[in-house]
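So the chains spell out like this:
There are 2 protein chains.
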Amino acid sequence: MIFTVEKNDPLCRARTGFLQTGHVNAETPVFMPVGTQATVKTLTPEDLYQIGATIILSNTYHLYLRPGESLIARAGGLHRFMNWERGILTDSGGFQVFSLSAMRKISDEGVEFRSHIDGSAHFLTPEKVMQIQMDLGADIAMCFDECAPYPCDYEEARQAVERTTLWAKRCRDAHHSSRQVLFGIVQGNVFPELRLKSAQDLLDLDFAGYAIGGLSVGESKEEMYGTIKVMDRVLPRDRPRYLMGVGAPEDLLEGVRHGIDMFDCVLPTRLARHGSAYTRRGRITVRNREYAEDFRPLDPQCGCAVCKGFSRAYIRHLIKAGEMLAHRLITYHNVYFLVNLMKEIRQAIRDGSFMDFYHQFLSLYRIN
Amino acid sequence: MIFTVEKNDPLCRARTGFLQTGHVNAETPVFMPVGTQATVKTLTPEDLYQIGATIILSNTYHLYLRPGESLIARAGGLHRFMNWERGILTDSGGFQVFSLSAMRKISDEGVEFRSHIDGSAHFLTPEKVMQIQMDLGADIAMCFDECAPYPCDYEEARQAVERTTLWAKRCRDAHHSSRQVLFGIVQGNVFPELRLKSAQDLLDLDFAGYAIGGLSVGESKEEMYGTIKVMDRVLPRDRPRYLMGVGAPEDLLEGVRHGIDMFDCVLPTRLARHGSAYTRRGRITVRNREYAEDFRPLDPQCGCAVCKGFSRAYIRHLIKAGEMLAHRLITYHNVYFLVNLMKEIRQAIRDGSFMDFYHQFLSLYRIN
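Each protein sequence line maps, in turn, to chains A and B. Using the numbering used here, the first residue of the first sequence is number 541, and each one after it goes up by one. Using the numbering used here, the first residue of the second sequence is number 541, and each one after it goes up by one.
Okay, chain A solo, but in the shape it has when bound (with noise of 0.2 Å):
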């Protein structure tokens, strides 16, 4: 993997950078839009390679339970299966194992628990999520970790923490795989010193990348960035940053001021599906009555190919009358929204006003 700090913002922590390994062919900082279930809900990677999108991130839990990763593999891997031509990472199911599944049985050797989609038994391991990852063919696999809920007591936080380093190392040990490099997950919730323990354990271990997990699961803002700028300190400069599940728009300028590299989120396509659209100056929500004979674009800023062609009007009406093709216009805008975002922040970086970017950005843009 090679990973090269382009350019130090002078006014703070923001930098860009470029990321190269397998598929990979990433500008940072970078939004990867997610495909849990190896599709981004509603888009084919003809528009994502339209988007402009050169990562997106797919599920380990999801893939293994439905189709199996087996079937996978002799597809000729996820990228095949597809049929996606540029970066996967998949997440360890290490997140989703907490928050998904039911009856989970947690010890240090692993995780029992049941599929959501059938109620089937299943046991994973650092070593069993590892060959998992192997077999789809990601080009970044993430390590299995603990993530502790929010809120939680200083002795369980603590307790995550000393399980995730425990099968990081046995998943770096695991892991064997020269088309794949492996990223470290920080966890340690909001508590700074079990966040610097964390991140010193992982160093220790030496991983291509680091994650900052546990986040954006019902915290406060301040506490969110707070972490991140517990982060900043101790992850070294020359590994690339990835803060998970986050991707709001004021989060993704916060996350690169501090030095972020990578991001991750199911909003675009999740709000998409409720019929909530990213603008300039925040989100709108395209059901509504308002928009009835708004025959404006989604945003009327955005280059879009559904800005270019589709009013507000027309897709209200999609929306109202159960047109999928609703859920896949405002999807593709939310997708290329951030995308887009981030192609901004980086010519902003590249150009030494990155903090009035961020100012002028978050001036117009109202956080709901």
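Take these hints with a grain of salt, some might be off.
Stated by the list, open to error - Pair ranges (Cβ atoms, derived):
no., chain 1, residue 1, chain 2, residue 2, range
1, B, Arg829, A, Glu546, 47 to 57 Å
2, A, Asp713, B, Leu904, 51 to 61 Å
3, B, Gly822, A, Pro689, 51 to 61 Å
4, B, Glu546, A, Glu586, 30 to 40 Å
5, A, Arg620, B, Arg644, 51 to 61 Å
6, B, Ala832, A, Arg719, 18 to 28 Å
7, A, Arg821, B, Gly843, 38 to 48 Å
8, A, Arg614, B, Pro550, 43 to 53 Å
9, B, Arg620, A, Ser610, 48 to 58 Å
10, A, Ala613, B, Arg829, 15 to 25 Å
11, B, Arg906, A, Lys709, 50 to 60 Å
12, B, Gly608, A, Ile907, 28 to 38 Å
13, B, Lys547, A, Glu830, 52 to 62 Å
Stated by the list, open to error - With a Cα cut of at most 16 Å, we get these calculated EDC-like pairs of lysine to aspartate or glutamate:
no., chain 1, residue 1, chain 2, residue 2
14, B, Lys848, A, Glu586
15, A, Lys860, B, Asp658
16, B, Lys848, B, Asp834
17, B, Lys848, B, Asp587
18, A, Lys709, A, Asp648
19, A, Lys848, B, Glu586
These are calculated hints, taken from the structure and not from any lab test. The beta carbon of each residue, even a glycine, is placed where N, CA and C say it ideally should be.
Since chain A is already given, all that's left is putting chain B on it; use the hints.
Structure of chain B alone, referenced to chain A:
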């Protein structure tokens, strides 16, 4: 409107031609994908250009009820509303008001009915239907007709023909648009003498084109084909002939053979919703277990973008996972299959080999 017959097949009644009016620039025979609610389900206009569609069908009944023709008029017409630059034909609602609405009461004046969406009461007359279609701005409008059910007795069918003629006169009188042409719809169920009478009545009114309505409603293939043959005896060769609601591959071939120039059908989109895809050997139900590890495209002989990139196994996975992309990919393929079949049919007619193509296609295609 310009309709030019280019080539007549020497062995049957098939012909190629060119239809030009408004946004329509279509080679005939042509298959028109159905976009009932101002969208060909799951597809964008860009997809349809890529597929090669030149005319789509939309529905007066649906658009009148939602979002309303006046909103579409304020949006600049249906083309602009849905961002479609090629031809649009709108069905008159005659068929839908009988098949979809509740509590209808029909008289010579018009049809009183309740909306299938919210139960609201409405009254449609031939004059109102003309106004709606002019407001929508379709390139080709259809007369308001009465479509008798199948089966029905002779007297019922005779009365529907009489009313259809009466309404066709009123439609012709009420229709005034320099940018829209009007087609008549022949009724008469499966009674040859009524079909001939209906056609003669409409010919006296001199429409730009003639449609055969009230078929594909439950009658046998023999009755459908028999009716098409009867129509071929009386419909003028210098006007386009449109077989409404028919689109099974075998019916397209049979229709072309007997001189039909235009077809529409919801089957390619509806079948996609049920996980069923066209192939040269018949339809396959991709959701079935037998395709779980079938890494071939939907139709190995198809050249569409979906068959170039995605396997049956992947699309089955999407269906099982409840992913909308499945619906989108199969719809794209199914619409391409029929649009491309018509292209091959036109080429065969031009090459003087249509009947060879007809027999070759049907020898492979398993009808189910």
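Now for the hints, and whether the structure bears them out:
Look at Arg829(B) against Glu546(A): about 50 Å separates their beta carbons, and that is inside 47 to 57 Å. The beta-carbon spacing between Asp713(A) and Leu904(B), approximately 56 Å, falls within the hinted interval of 51 to 61 Å. For Gly822(B) and Pro689(A), the Cβ-Cβ distance of about 53 Å falls inside the hinted range of 51 to 61 Å, so the restraint holds. Between Glu546(B) and Glu586(A), the C-beta spacing of about 35 Å keeps the proposed range 30 to 40 Å intact.
A C-beta distance of roughly 53 Å is found between Arg620(A) and Arg644(B), which places it inside the suggested range of 51 to 61 Å. At about 26 Å, the beta-carbon gap between Ala832(B) and Arg719(A) stays in the expected band of 18 to 28 Å. Here the CB-CB span from Arg821(A) to Gly843(B) is close to 44 Å, well matched to the stated 38 to 48 Å. Between Arg614(A) and Pro550(B), the C-beta spacing of about 52 Å keeps the proposed range 43 to 53 Å intact.
Judged by the Cβ atoms, the range 48 to 58 Å given for Arg620(B) and Ser610(A) holds: they are separated by roughly 50 Å. For Ala613(A) and Arg829(B), the hinted distance range of 15 to 25 Å is satisfied, since their beta carbons lie about 19 Å from each other. Restraint check, Arg906(B) to Lys709(A): a C-beta distance of roughly 58 Å satisfies the suggested window 50 to 60 Å. The given range of 28 to 38 Å is respected by Gly608(B) and Ile907(A), whose C-beta atoms sit roughly 35 Å from each other.
Range check, Lys547(B) to Glu830(A): about 54 Å between beta-carbon atoms, so the 52 to 62 Å window is met. Proximity of Lys848(B) to Glu586(A) is assessed by CA-CA distance (about 12 Å); at most 16 Å being required, the pair is judged to hold. With a C-alpha separation of about 12 Å, the suggested pairing of Lys860(A) with Asp658(B) holds against the 16 Å cut-off. Annotation: proposed proximity of Lys848(B) to Asp834(B) holds, straight-line Cα distance about 15 Å (limit 16 Å).
Straight-line distance between C-alpha atoms of Lys848(B) and Asp587(B) comes to about 15 Å, which keeps the hinted pair within the 16 Å bound. For the proposed pair Lys709(A) and Asp648(A), the alpha carbon gap of about 12 Å is at most 16 Å, so the pair holds. A hinted pair counts as satisfied when its Cα atoms are at most 16 Å apart, and Lys848(A) with Glu586(B) qualifies at roughly 12 Å.
Going down the numbered hints, you'll see the structure goes against none, and every one checks out.
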